[in-house]
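**Q** Required output: the full structure, derived from the provided sequences and hints.
Protein chains in written order, with numbering that gives the first Met the number 0: chain Y, 0 to 277; chain B, 0 to 460.
By construction, these hints were calculated from the structure, which means they are not laboratory data.
Misleading hints may appear alongside valid ones.
Unchecked claim - Which stretches of chain B does chain Y cover? Using the computed rule of at least three CB atoms under 8 angstroms from a CB of chain Y, they are:
| # | segment |
| --- | --- |
| 1 | 206-213 |
| 2 | 229-241 |
| 3 | 257-265 |
Claimed, not checked - Quick list of in silico lysine to any residue cross-link-like pairs, SDA-like style, CA-CA up to 25 angstroms:
| # | chain 1 | residue 1 | chain 2 | residue 2 |
| --- | --- | --- | --- | --- |
| 4 | B | 140 | B | 423 |
| 5 | B | 422 | Y | 219 |
| 6 | Y | 26 | B | 140 |
| 7 | Y | 82 | B | 192 |
| 8 | Y | 26 | B | 398 |
| 9 | Y | 135 | Y | 173 |
| 10 | B | 204 | Y | 56 |
| 11 | Y | 193 | B | 348 |
| 12 | Y | 121 | Y | 204 |
The beta-carbon is built from N, C-alpha and C at its ideal position, and this holds for glycine as well.
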Amino acid sequence: MFRIVRKERLNQAVVLFEIEAPFIAAKARAGQFVIVRANEQGERVPFTIADYDAERGTITIIIQVIGGTTMELDRLGVGDCIKDVAGPLGVATEYGDAKRVAVVGGGVGCAIAYPQAKELTKLGAEVDMIAGFRNKDIIILENEMRAVSKELHICTDDGSYGTKGFVTDKLEELFNLGKKFDLVIAIGPVIMMKFICAVTKKYGIKTIVSLNPIMIDGTGMCGCCRVTVGGKVRYACVEGPDFDGHQVDFDELIRRNGAYKEHEKDHVCRLTGGVRNG
Amino acid sequence: MADMSLKKTPVAEQDPKVRARNFDEVTLGYTAEQAMQEAERCLNCKNRPCMQGCPVGVRIPEFIEKVREGDFAAAYDIIKSTNSLPAVCGRVCPQENQCEGKCVRGIKGEPVGIGRLERFCADYMADKQVQTEKPEPNGHKAAVIGAGPSGLTCAGDLAKLGYDVTVFEAFHTAGGVLSYGIPEFRLPKAIVAAEVENLKKAGVKIMTDMVIGKVFSIDELYDKGYEAVFIGSGAGLPRFMGIEGETLVGVYSANEYLTRINLMKAYKDDHPTPIKNSRSVAVVGGGNVAMDAARSAMRLGAEHVYIVYRRSMEELPARREEVNHAVEEGVEFLTLRNPKAVIGDDEGRVRALECIEMKLGEPDESGRRKPEAVEGSEFELECDTVIMALGTSPNPMLRATTPGLDTDRRGCLVVDENEMTTKDGVFAGGDAVTGAATVILAMGAGKKAAQSIDAYIKGKE
Ligand SMILES: Cc1cc2nc3c(=O)[nH]c(=O)nc-3n(C[C@H](O)[C@H](O)[C@H](O)COP(=O)(O)OP(=O)(O)OC[C@H]3O[C@@H](n4cnc5c(N)ncnc54)[C@H](O)[C@@H]3O)c2cc1C
Ligand code: SF4
Ligand code: FES
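**A** Shown next as structure tokens:
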């Protein structure tokens, strides 16, 4: 059992949980994930580790409440226990020797883009962040993101805050202003990652994306998480979740993530909203 | 005088038409009277040929003698003294190749129903278990990776010897394939859970949600005071064919399909894990896993379930009993057919499986006749779901995170005659060593490893 020590609502639909999981906290690295089961009947759902604190023995996950497991989790409060948390799974993000990095987050994906920016800044890289949201009301982690980036650009679809427009436009604008990056990290809805990669490919800049296929075991046993990267089938749970964005077949991932959309309405949101819950 | 009838005492089964649509157990098991009657067929042979067929050396004629006398508790104790999971083995062991395959009564007629008797004893005692007493702790610690039959057996035997044993299991539930692979209708999960509870009562600690290689490395287990480690991590990653269309929506590995059903209970309304509502399902492969997947698909309500297998009915590697059950339940066998591609619709969902007809040529190294494609015989098998049941290849996770742990060409862990790996103090057994095999062989390996671990640790004192 994994006790919740902090619960914070970041916006109407996005909730942060800090969970006691000392073994995982001691091993976790940016880019890895855990598989969570809310209760005895629950589904196994992957969530990226948004933060970890080996000393406190806790990890943080940030979830968008869209039904199913996420609603079950949202019913829990501080002091309650989550039935199962297994990890840290997947391979930690490999930054190479990137010095100038653009980290792009979309919606709740910013919750995972943020620790990447934090890690990179800690490693001495210069980081610009672009964070996209539908509107002003759902902006999360603004101060935190600002603290770990040289420049933070917030975009909203409706222009209610920051720049009006998509993160792709902002990134392209930065390129046109002559900004040089040797790495782009994009984390958000699949469709956003797809379009970011289309832009960075044009400019020939290496791009890492963090994929969110449906998973079960998270250890390579079922093959449910297979994605096509560079024409080859890869298991995202053990070989990912990070991949070279220029090689990923995003359309296939979108289709596979929609496999159960008739089964559960919330999967529709996986296609359109910033959902990162498997 | 023994009962000389040539046939086993029949056992009740659910009617095929009914059971094909439910997940309740297919075979219902003997009553006490039936068990005693079947026990009469045993000749109590002096040289005990049946025992030689048993990988864990159950003293078969002895326990059958007790069943004959109606002393079921004594019969159970005899079984239990060498087999820690009798309720499981009585159900899923391929007895026809083991004890029953060696039984002298099988020379003329059917062998004694040893498996059915074993199951009867275990079921009879299920609600009469006496409190198992914990042995004196011997002050030593051992770790077991994987709570499948090999790991559980190893842990159980070590606990009996007084070891402080912890089993680390990646999943949220113990049991390995017994929990996520073998379906409810062949092995009710309540039985697996009860066997696991018994082990816990005997002092075995089980920590679930612990993916070794990620949360701890094997070397870190030593740092935590474990003096020896047993790896029973199972068969590993599912194989796909490498044909076009295998990432379409509706293509599953048998592991995924069965895990959704057995472990996650996707067939129950109160469990949120989804599974496809299939109309027509093609299962590729001819082994036991393929039969389990096909029969599960049937139970989920598919109109057609096909087994697509490249050789003929005679070569099917699955147990005859399982094939018969599948046939009775309406599974359609498309033998001498091989898939060429999975074909999708506009939305990337499976629409059909393109197959080609095969014919059998000359026998290959394995002695089986080699299937050859019949040119120009391609056809489309209409289906909305394809399940690949083609076997597994070892999971590299532990090997990759453990320096000094050698694997063979196939990626299976290399062990010596004492089940010790190439890393000192690290032992292994079960599917992780042999590749996909059987529950009882995994248990046999776990048992042997427990003895070796004991000798290893005591040898260091
Ligand atoms: C569908 C199906 C049907 C079968 N039917 C039969 C049958 O009727 N009769 C029969 O005799 N055999 C049958 N088998 C084969 C039999 O189940 C296996 O041979 C047996 O379970 C192997 O036992 P094991 O202990 O080696 O591994 P497993 O049962 O595979 O258990 C391994 C365990 O280790 C865990 N694990 C793996 N890696 C790690 C890690 N890094 N850290 C922690 N834990 C880890 C896994 O989660 C798993 O729980 C069947 C197999 C399948 C798939
Ligand atoms: S071989 Fe058959 S008849 Fe002989 S002791 Fe064993 S079970 Fe009984
Ligand atoms: S989630 Fe099962 S193999 Fe990746």
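**Q** For each hint given before, does the structure comply? Return the numbers of the non-compliant ones in rising order.
**A** none
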